[in-house]
Amino acid sequence: MKKFAGLCVQEIVQTYSDTLIRIAVQQTKSMSEAEDIVQDVYMTLMKQKKPFENVDHLKAWLIKVTFNKCKDYFKSSRVKKTVPITEEMSFIAKEEQMILSEIFELHQEERVIVYLHYYEGYTTAEIANLLEMKVNTVGSKLRRARMKLKLMLEEGSKV
Amino acid sequence: MNAYKNVMKQIHASEDFKRKMQKEMMEFEEKEKRVFMKKVRISVGSLVACAVIAVVAFVNLNNDTTVDLTERIVVDHSAPAASAVVNIEGVITEVGEDGLSFTLDNGMEVVVTDETKLGIDGPTAPPKEEQFFEPTFRVGNLIGGFTEDTSAAPITAAVIYTNWNFENPIR
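So the sequences go chain by chain: A and B.
Going by my numbering, the first sequence opens with residue 572, and the numbers climb by one from there.
Going by my numbering, the second sequence opens with residue 147, and the numbers climb by one from there.
Since the hints were made in silico from the structure, they are not lab data.
Accuracy of the hints is not assured; some may be wrong.
[As the list claims (entries may be wrong)] Examples of chain B residues lying across from chain A (beta carbon under 7 Å, computed):
(1) 149
(2) 151
(3) 154
(4) 157
(5) 159
(6) 163
(7) 164
(8) 167
(9) 171
(10) 175
(11) 189
(12) 192
(13) 282
(14) 285
(15) 310
[Said to hold, decoys possible] Distance condition first, Cα-Cα at most 25 Å in a straight line; then the derived SDA-like pairs of lysine to any residue:
(16) A/621 / B/161
(17) B/155 / A/691
(18) A/635 / B/161
[Stated by the list, open to error] Far from chain B, by Cβ distances over 12 Å, these chain A residues were calculated:
(19) 582
(20) 589
(21) 590
(22) 593
(23) 691
(24) 703
(25) 704
(26) 706
(27) 710
Ideal Cβ positions, reconstructed from N, Cα and C, are used throughout, including at glycine.
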C-alpha cells in the first residue's frame, strides 16, 4: 500500500480532510466546490513521486496545493455557478453564518492567512513559506484582517 | 474559543466524502499497479523475444553452409611465377549440392577440395578483390584452372583461378 510520510491514504484522508475543506470553503464559498477541489488535491497527491520528509512537510504540501487549486478555480468559469452559502451550510447557526459572511468579505489571501494563523497555529514565517509570499506581506495582510475581524477573533467572543 | 474558531470548527469534511476519497485513492493505486505490471510484462516479453532472436541468429550463423570462396584466395606476391597447363576450362552447366563440385559444358566433372588453390597467385597477381572470382560456383560461370591428375573422374582441381560470370557478375 502506498504511503506518504509514513501515512497510508486512509490516515491522510482522516487527518487532513477537515483542514483542506475549510481552506477550500473559505476560498470558494461553496461546500460542493470545496469537495471537488480537495478531491483534485488528493488525486494530485496519488501522482506525486517525490517523497515527503515528514508529516509536517506533507501537511504543508497539501495546504499549498489546495490554495493553488482554489486560485485556479477563480480563473475558471465555474465561479459563476456557485450555490449561495446559506443553502449549503444550513448546519451552521444563522448568527454564525453572519461571521462566515464577514470572513468572505476578506480578500482571498487574507482568508487563508487568518485561518492558517488563528486556527492551524502557523507563524507568519511558516505561512509565507507555504503560500510563497514575503513574510512582510503576510504580516501586513494579517494585521489588516485582524482589524476587520477584531471582534470575532477575541477569545470568549460571542455573536 | 473565539467566534471565528467556533465557526471554523463546524466546517469539516463529511464522512461520506472521506469514504469516497479513500475508495478513489485506493482504486487509483490499484490501477497504477496494474499499469506497472503490464509494463513489466511487456518489457520482460520484449527481452525474451530479443534473446530468442539472438540465439536463433547465433545458431544459424554457426550452421551457415554458404561458403564465400573468395575467402580462400591467398595472394602471395613473393611466390614464384609458375607455368601452368590449363586443362580445366569451360562454362558451368551444373553445380553439385555441396557447392564445391560442378560440370562444365565440355562434360568435365570437377571437384574442388580444401587443397585446391583458388585465385591467382604469384608476383604479378592482382589484389583479391580485383580477380575474376565470385564467392560461389554458379551455372553460367566461366571456369579456368588446372589439375595435376587428369585420369581421375571426377577431376580434382589443383587450381581454379577463374570463376566469373561476365554476363552477370557478382562479388
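Hints, one by one, checked against the model:
no.	hint	result
1	149	holds, 4 Å
2	151	holds, 6 Å
3	154	holds, 5 Å
4	157	holds, 5 Å
5	159	holds, 4 Å
6	163	holds, 6 Å
7	164	holds, 5 Å
8	167	holds, 5 Å
9	171	holds, 4 Å
10	175	holds, 5 Å
11	189	violated, 19 Å
12	192	violated, 24 Å
13	282	violated, 59 Å
14	285	violated, 67 Å
15	310	violated, 67 Å
16	A/621 / B/161	violated, 29 Å
17	B/155 / A/691	holds, 11 Å
18	A/635 / B/161	holds, 23 Å
19	582	violated, 10 Å
20	589	violated, 4 Å
21	590	violated, 9 Å
22	593	violated, 5 Å
23	691	violated, 10 Å
24	703	holds, 23 Å
25	704	holds, 21 Å
26	706	holds, 23 Å
27	710	holds, 19 Å
Violated hints for the displayed structure, listed by number in ascending order: 11, 12, 13, 14, 15, 16, 19, 20, 21, 22 and 23.
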